[in-house]
Each structure stands twice: as structure tokens, then as C-alpha cells.
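**Q** Heads up: the protein sequence lines correspond to chains A and B, in order. Counted the way the numbering used here counts, the first sequence spans residues 1 to 377. Counted the way the numbering used here counts, the second sequence spans residues 1 to 336.
By construction, these hints were calculated from the structure, which means they are not laboratory data. Please note that the accuracy of each hint is not assured.
Label-pair distances were calculated between CB atoms; the ranges are [as the list claims (entries may be wrong)]:
no., chain 1, residue 1, chain 2, residue 2, range
1, B, Thr205, A, Lys40, 50 to 60 Å
2, A, Gln176, B, Arg300, 43 to 53 Å
3, B, Leu101, A, Ser17, 32 to 42 Å
Backbone N, C-alpha and C fix where the C-beta goes; we use that ideal spot for every residue, glycine too.
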Amino acid sequence: MASKAILGEEINKETESLYKKEKKLGEGTYAVVYLGHHIKTNRKVAIKKIKLGNMRSGLDMSAIREVKALRELRHPNVIELIDVFSHKTSLNLVLEFLDTDLEIVIKDKSLVFMPADIKSWMMMALRGLDHCHKCWLLHRDLKPNNFLIAANGQLKLADFGLAREFGDVKRAMTSQTVTRWYRAPELLLGATNYTGSIDIWAMGCIFAELSLRAPYLPGASDLEQLTTIFRARGTPSEDEWPGMMKLPMGYSFEKFPKPQFSDLFRGSSEEAVDLMNKMLTFNPTNRISAADALKHPYFANLPRPTAPEKLPRPLKSLAGGEEGEGGGDEVVSVDDDVVASKKRLFQDAFDDGLEAERQKMGEQAAKRMDFSISSPA
Amino acid sequence: MTDRPQLFEQTSQYQHWRFTRESLSKLRTENNRLGVDRVLHGLRQEAKVDDQETSDTRIAEATKNLLTPEEELKLIDFYLQRIKIYVTIYRASKLLKPDALDNVKATAINFMKRFYLHNVVFDYPPKNIMLTCFYLATKVENAFMKIEDFIRPLADAEAKRGSKTQTKSDDVLGLEFIVIQSLQFELAVHHPYRAIYGFYLDMQTFIDEKDALRETYDRTAYYIDKSLYTDLVFHYQPSQIALGAFKLAAKEKDLDIDLYLTQRFDARSLELLYRILDEIQDGITTFAATSNDEAKEIDRKLILCRNPEKNPNSTLYKKTVAVQGDVPYVSDSDSD
Chain A
1 MASKAILGEE INKETESLYK KEKKLGEGTY AVVYLGHHIK TNRKVAIKKI
51 KLGNMRSGLD MSAIREVKAL RELRHPNVIE LIDVFSHKTS LNLVLEFLDT
101 DLEIVIKDKS LVFMPADIKS WMMMALRGLD HCHKCWLLHR DLKPNNFLIA
151 ANGQLKLADF GLAREFGDVK RAMTSQTVTR WYRAPELLLG ATNYTGSIDI
201 WAMGCIFAEL SLRAPYLPGA SDLEQLTTIF RARGTPSEDE WPGMMKLPMG
251 YSFEKFPKPQ FSDLFRGSSE EAVDLMNKML TFNPTNRISA ADALKHPYFA
301 NLPRPTAPEK LPRPLKSLAG GEEGEGGGDE VVSVDDDVVA SKKRLFQDAF
351 DDGLEAERQK MGEQAAKRMD FSISSPA
Chain B
1 MTDRPQLFEQ TSQYQHWRFT RESLSKLRTE NNRLGVDRVL HGLRQEAKVD
51 DQETSDTRIA EATKNLLTPE EELKLIDFYL QRIKIYVTIY RASKLLKPDA
101 LDNVKATAIN FMKRFYLHNV VFDYPPKNIM LTCFYLATKV ENAFMKIEDF
151 IRPLADAEAK RGSKTQTKSD DVLGLEFIVI QSLQFELAVH HPYRAIYGFY
201 LDMQTFIDEK DALRETYDRT AYYIDKSLYT DLVFHYQPSQ IALGAFKLAA
251 KEKDLDIDLY LTQRFDARSL ELLYRILDEI QDGITTFAAT SNDEAKEIDR
301 KLILCRNPEK NPNSTLYKKT VAVQGDVPYV SDSDSD
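Kindly produce the complete structure, drawing on both the sequences and the hints.
**A** This is the structure we're talking about:
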């Protein structure tokens, strides 16, 4: 604490005075996101103001979880929480400003992904995740729109509203976590004791989605999700996943045969499919870890991962920059039109078309659940 | 075990909440001195809106009763000890699961100790701060309960005692932002409990007396609990405190753990470790909790030297602060 002030209130005021809010970028039920800057350095920031007006039990769990997690994490592939301050009854998170996310990139059909691009995103994502797991933290909500992308192409893991520490075998955790399509089979079967392997399953789904350009396991309901998984991956045998029947909701499922994955992932190398299979292994104990995934031959062999600044990105989200050009210099100028054109408003901002689309699909409910009410997880 | 210390060095606990004995004592003295200044300033302000004569007596009385940094600490400690009692209340009413008890207790205690590095009891008396720290700790340690559930056992206990005051939701929630900002929004706290479990598992391959080891491990919880009220957490790492507590338990159970330590650590680091463990054991055994009588006496003095600017019952507060509408907990009405 470099500041000379001793009192908590004074330190808080000093922090608040460092930043200037400029304009509202988006608003959700849980938070309002503002564009702002650090007054002295002029660094562009996003200020996420968490509203507490209708929280009957004070600060809610997702705010607590997010602040608790991000205050401890420092990594190039994890969103930086620069500062936190409170103002009357709002909690303000000063975050690094990031203007697009992986979901927007995947959905932008004008962009062509090369295998080296996918490798680059996967490497950055796994590095960020590995750091979380090394710090004994589970993210528990990995999906493309929780990976934000910086102007220089760096992928950043964000939204830690469901994150919690793990590793204490004596403590039960909720199985009602992770957005459905990315939810690991053990969670769907009601496991209350799990590890980083649940995040890896989600990463495996994202890996597949990057290759397919569409969600890999889009179950229409929680009930159907497991069937969707089994249909796509084959129903696991007792040998393949010995503990399965012992889980709270484990029972005999319809037996689907194992399909040929290489048919579906024709554009992917053998190594890519091998790593994907290791991430989507049914038995959580045998599922690959983030650290081991990074050591997989897929990353060591050619093609080399694309340099982050050369990765494809949506044209309209850049301030005058063009696809494929170095992203380092377009950060500073922010005129209103550019800002308005930016679709990316963090996951709490629902007023853009993509969110509306997802809402239609009934997808929103799962995600919002934990923001609007305080969950006992 | 090799990358463990480096990881710990990245935590906010290591980076922002570590002090030497001198720096800690200096901070508390300075904090107390500024707090005293605010009390006297507040009383002079109050004199402007209140009757001159009563104000003069009030200032004279406050000056005589101002708490020293040591008295502040003793009072805080008394309420820290109460956290232990509250934990058992919530456990009995099944609002806290057994697996969450240690962490909630240790985090609540830690929050309160950190809070008073950035505040003084003149501004915020420890009774309600303790409750807010406790409630915040349940959230932070994934043991959330609704505020009504949190209040109910307190109200029941107060009714049973025939207490005049009744704790309300707002007493707890109204201080939540004050507490969390004083914690610098750093909520992850590491305790010796997890570390000692790791050591226990590790020791099983080195120590043959399994029963004695098990008994020692069980007994260690007692010494870890004692360590929580001390300042050890500001000077040492959780794993070191864990091992210090374990040594005390081992002494009691006649278990030799030197063999384990000599195999686990090289001679040079062992020398340093032994010195640290001695200091920790010393810190745990010499710590004396504040007695009821001491606490009552300090509480009595505190009534006379509270900062009226922060005291909702003071004349100053009623005539100025409350009039401005600057009450701490209102619905989200700010316009920005």
C-alpha cells in the first residue's frame, strides 16, 4: 500500500479519484459497464459498477467471488482487475478495457480461421486457465464469450462470478454450475466433489467449437445435455468411467456407439483431435490437466501458433485498424462512433443483438441465475 | 512442495498484509493518534451545535478516557474471542456446515484484525464490526446464508439474555462496505488448517507412530485456534504457523517430529525454520485473552470517547450527518 492514508474510507476515496467515468457501455440486471480512464496515465479502463440496490443480503455472492478471485490473479491471459472502490452503495471494479470476445469472433462468418489461429487461442486460453488452477481456483463458467480479446490480440479469461477455490476434499460444491453446453458430464450427474477437470471439459468444447464454428454439444435442456454428449462422444462404458454409476444421478443410459471423430473434425490435425479427445475424456480423473495439455505435441509441432496481434478479429470492433494488422496502435483514439459500433460490452450488457439471440435460445436463464439471486453454492 | 512458497508470495495476504513487529506497532500507534485527533475534533464540532456546558464536560470526560493503542487491541481481542462462540451458535442451528466452520471462523477473525489496521474503535466499536466481518466471512468462504437467517440466532440469544438491544439486519449490512473497503477488497485469506492437513499427509510416510501422529494432528487444531487471535498472521506464513502449532501438539503427545523435519529440509533452512517455529510457539503460548472485566472497563471508557461524527446516537450526528442524508446503507439512488 503505497498510499499514506491509513483509514479505509480515505484509501477508498483516493482510489476512486484516480479514475474518470466517460460513458455507459452497457447495462444488465447485475451491473452497468462504463468506459473510463485513469486520469494521470490516460489508460483506458472499463468500470464495472455492480448495483446493490435490491440485494437483500448485501453484497451478493458473484460480486464477492469475482473480487476475491481477481484480486489474487495476475496473468497475461486473465483479465486484469486494476482497482476496486466503493461509491455509496455500488461496488466498482476497474478492469482493463477489452473490446471483443471469442464468441463474436467465432460467429463472424467473414473471418477465416487457420489451424494456427485456433492453436494460438487454445494456447492462450489454457495458459490463463493453468494459472487459475495453479492458484487452486476453478473458473466454473468457461465459454467463448467469457474469453475477452485485447487490442493486441491477447485472449483473457474473464467473468469470475462463479469462481471458487478447490482442493479441499472434505467440502461439497454445487453441481449446478457452468453454462449447459460446456458443462462436464460429472456435473450433469450431480458430482459435488470435482476439480479443474470440469474447466478442461469446457475448454475441450470450446476447442471443438473453434474448429466447427458452431457449438459442439448444444443440448436443448439440462436433461438432454447428457444425451447430446453421449450421442456425440459415445456412451462411456463401465471401464471407461468406473465411478460414473456411483454419482448421485448415475444410472444406465441409452448406449450410443463411439463415432469417428476425425470425420467431424476433418480440418483438424491428428494431434488436434487427440488433444481434444484427451480434454473430453469422460472419466474426470483421466482427463488431461491444463499444464499437461500445454505440453501436448499439438502445441510443439507445426504450424506454429499465430502471433496474437495477427489473429483474425472482427473489422467493426477495431478503431480504424484492419484485419491482420498489428493491433498495438489503435488503442488510444476513442470517438463516440467507434465506441457505439463496439458490440462487445462484457457479458452483463444484454442490449446487443447477439445477446438477444442467445436469450431466444433459452440460454440466458442458466447464466443469469447466479447474478440476480444470491446462490448458496 | 517446492512451488508452494512462490505461489504464496503472489497472494494479497503475502504482498499487503505482512508486517514486522515494529511496522505493525508503528501503524497502530499512528492510527490511534489520528483517531484521538478525530474524536477531539468531532467533539469540538459537536460543541457548536450543542449546549456549551454539556459539551465542555463531555470533552473533559473524553480526554480523560481516551483509549491507548493497547486498550484498543484488548477490546478488539475480546470481540475476536466472541467469534468462536458465534460459530458454535450457527453450527447448532445448522446454518453453518461442519466443514465450513474452521474457515469461516479464521476468516472472520482475520478480517476483523485487518479492519482495525485501517480503523479505530473510536469510530467503529468492535461489536457490530465483528458481526459484519463474520457475515462477510460466510460469503467469502462459500457458506452463504440469508441475512434473516444470520440475524435470527442473534436475536434469539439476545431475547434469552433479556438484552435491551436487538441486532437488526441493517446493523450488519450497513457496515459491509466500510469493512470491505478497509480490507482493500482483498478477500482471499489463507489459514494454517489446510497447510497442516498437507503436512499430516506428508508426515505419514516418515513417521511410524501412526496413533500418536493422528492424536497430534487432532490436537493441533487447538493450537491453531489459539494462533488466530495473535498477530502471528501478520508476521508468518500459514504453513509456518501450522508447523509451529503442530510442534506444540507434538510436545504434548510426546511425538518426535525432528526426524521428519531433518529429512524434509536441508540444514540451513532448518536452522531458520527452527528459529521461526520457536517464535511462533512462543507467540501462541504467551498470548493472554482479554478478560470480561477488562473488556467491560474498556467498553465503559469507549462510551465516553467515541467520535460523534461516526456515532448515530450523538447530538452531532443527529443534527448534521443524518440531516444531510448521508446514512451508510440506502437503496441504490446515486445517479452516476
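**Q** Confirm or reject each hint.
**A** The hints, checked one at a time:
The hinted range of 50 to 60 Å is satisfied by Thr205/B and Lys40/A, whose Cβ atoms lie roughly 55 Å apart. A hinted range of 43 to 53 Å for the beta carbons of Gln176/A and Arg300/B is consistent with their spacing of about 50 Å. Hint check: Leu101/B to Ser17/A, Cβ distance near 41 Å, so the stated range 32 to 42 Å holds.
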